[in-house]
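Undergrad: Throw the hints in and build the complete structure from the sequences for me.
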Amino acid sequence: SQKIEQNSEALNIQEGKTATLTCNYTNYSPAYLQWYRQDPGRGPVFLLLIRENEKEKRKERLKVTFDTTLKQSLFHITASQPADSATYLCALGDTGRRALTFGSGTRLQVQP
Amino acid sequence: ETGVTQSPTHLIKTRGQQVTLRCSSQSGHNTVSWYQQALGQGPQFIFQYYREEENGRGNFPPRFSGLQFPNYSSELNVNALELDDSALYLCASSLRTGVNSGELFFGEGSRLTVL
Chain A
1 SQKIEQNSEA LNIQEGKTAT LTCNYTNYSP AYLQWYRQDP GRGPVFLLLI
51 RENEKEKRKE RLKVTFDTTL KQSLFHITAS QPADSATYLC ALGDTGRRAL
101 TFGSGTRLQV QP
Chain B
113 ETGVTQSPTH LIKTRGQQVT LRCSSQSGHN TVSWYQQALG QGPQFIFQYY
163 REEENGRGNF PPRFSGLQFP NYSSELNVNA LELDDSALYL CASSLRTGVN
213 SGELFFGEGS RLTVL
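Here the protein sequences line up with chains A and B, keeping their order. At position 18 of the first sequence (counting the first as 1) the number is 18 in this note's numbering, and the numbers step up by one without a gap. One rule links them: number in this note's numbering = place in the second sequence (from 1) + 112.
Heads up, some of the hints might be wrong.
Said to hold, decoys possible - Computed footprint of chain B on chain A, listed as stretches where at least three residues anywhere in the stretch have a Cβ under 8 Å from a Cβ of chain B:
(1) 42-54
(2) 99-112
Stated by the list, open to error - Partial chain B-side listing against chain A, Cβ under 7 Å, derived:
(3) Ala150
(4) Gln153
(5) Pro155
(6) Gly168
(7) Leu202
(8) Phe218
(9) Gly219
(10) Glu220
Hints were generated in silico from the structure; no laboratory data involved. Source: prediction; values computed, not measured. For each residue, glycine too, the CB sits at the ideal point set by N, CA and C.
TA: Put into structure tokens, the structure is as follows:
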């Protein structure tokens with residue numbers, strides 16, 4: 001069955017450093033991958049989408065890579081700020097299914 | 113533009129009862145999806161509605177049912193509630209286009225507790 005793995009342990013980093021979050025998947029060939037941010041008690045908020053034929057995508061301080069051979073996506077936040085503290089979810093989709101399959105998320109804590 | 117709104121925000125039910133959750137989609141969006149998120153887990157797809165018809169369903173039993181109305185708002189109904197149904201129920205709207213990879217716009221969710 002399809003499986004998506006994100007670091008279950010929280011990631012703690014110092015303000016100003018680059019945060020790198022990992023999303024690995026098995027038994028899946030997604031057409032695209034999305035990253036969402038979720039704050040406690042709130043709904044997820046869309047951040048970035050990357051398609052299977054794209055290696056890298058950037059948006060302001062965010063960067064996503066997608067390696068379909070390794071079956072892995074890396075999500076980077078440069079010059080991190082305490083306001084970046086949240087849970088980050090990766091989600092995989094394909095053009096056939098209507099649903100996104102989410103990982104369980106990684107909690108990021110940026111220390112001032 | 114108006115975002116996705118869900119109601120109620122919190123509710124408590126007992127086992128065996130029925131619940132109806134409501135969602136107003138974002139202006140201009142024609143597709144509504146429902147997800148269940150247990151504590152510490154990622155959202156799990158329940159089903160999606162497009163043009164008032166169910167258009168994809170996850171691994172949930174038939175006691176989970178839904179509706180979409182002509183104005184694209186939606187309801188999620190759960191019958192015969194079980195303790196494991198306790199979760200955050202998220203509604204997400206999107207605009208269905210030829211390329212089905214659009215971002216989802218989530219509401220803040222309805223927190224259901226089953227005692």
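Undergrad: Each hint needs a verdict: does it hold in this structure or not?
TA: Outcome of the hint check:
Under the rule that three or more residues need a Cβ within less than 8 Å of chain B, the assignment of the stretch 42-54 of chain A holds, with 7 such residues. Chain B is given as covering the stretch 99-112 of chain A, and this holds because 7 residues of the stretch bring a CB closer than 8 Å to a CB of that chain, at least three being needed. Against a cut-off of 7 Å between C-beta atoms, the interface hint on Ala150 of chain B is violated, since the closest Cβ of chain A lies about 10 Å away. Hint on Gln153 of chain B holds. Least Cβ distance to chain A is approximately 5 Å, under the 7 Å limit.
A distance limit of 7 Å between C-beta atoms decides the matter here; for Pro155 of chain B the minimum to chain A is near 5 Å, and the interface restraint holds. Given hint, Gly168 of chain B at the interface with chain A, holds; its Cβ is 3 Å from that chain's nearest Cβ, closer than 7 Å. For the restraint placing Leu202 of chain B at the interface with chain A, the shortest Cβ-Cβ distance is roughly 5 Å, inside the 7 Å limit, so the hint holds. For Phe218 of chain B, the suggested interface contact is upheld, since its CB lies about 3 Å from the closest CB of chain A, less than 7 Å.
Given hint, Gly219 of chain B at the interface with chain A, holds; its Cβ is 5 Å from that chain's nearest Cβ, closer than 7 Å. Of the supplied interface hints, the one on Glu220 of chain B holds, with its beta-carbon coming within about 5 Å of a beta-carbon of chain A, less than 7 Å.
When each numbered hint is compared with the structure, a violation occurs for hint 3 only.
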